[in-house]
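Colleague: Sequence:
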Amino acid sequence: EYAQVIKMLGNGRLEALCFDGVKRLCHIRGKLRKKVWINTSDIILVGLRDYQDNKADVILKYNADEARSLKAYGELPEH
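FYI, in the UniProt record's numbering the residues of the sequence shown are 1 to 79.
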């Protein structure tokens, strides 16, 4: 699921608005911590949890070029 970062919460957590319209609390996985810096309004890929719909895990951060490509392919909505 694609999402856009709304707010950084600290301690490896952030609030993101998924493109299905749901606001979720996301946890940055250990592989990305301290290596990939995530900022507000970045486009990220999150893995949804089967047992908690309001929480997700950050799998990947897209850079500006990749985000533009996703928008061109129609993967991201135009808002």
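Worth flagging that the hints you see were computed from the coordinates, not collected in a lab. Treat the hints with caution; some may be incorrect.
[As the list claims (entries may be wrong)] Label pairs and their calculated CB-CB ranges:
1) 34 with 74: 15 to 25 Å
2) 23 with 75: 18 to 28 Å
3) 68 with 36: 15 to 25 Å
4) 10 with 47: 17 to 27 Å
5) 63 with 6: 27 to 37 Å
Glycine residues also receive a C-beta, built at the ideal position from the N, C-alpha and C atoms.
Colleague: Compare the structure with each hint and give your call.
Modeller: Right, here's what the structure says about each hint:
1. 34 with 74: 15 to 25 Å: violated, 34 Å
2. 23 with 75: 18 to 28 Å: At roughly 20 Å between Cβ atoms, residue 75 and residue 23 fall inside 18 to 28 Å, so the hint holds.
3. 68 with 36: 15 to 25 Å: Distance hint for residue 68, residue 36 holds at roughly 19 Å.
4. 10 with 47: 17 to 27 Å: holds, 21 Å
5. 63 with 6: 27 to 37 Å: violated, 19 Å
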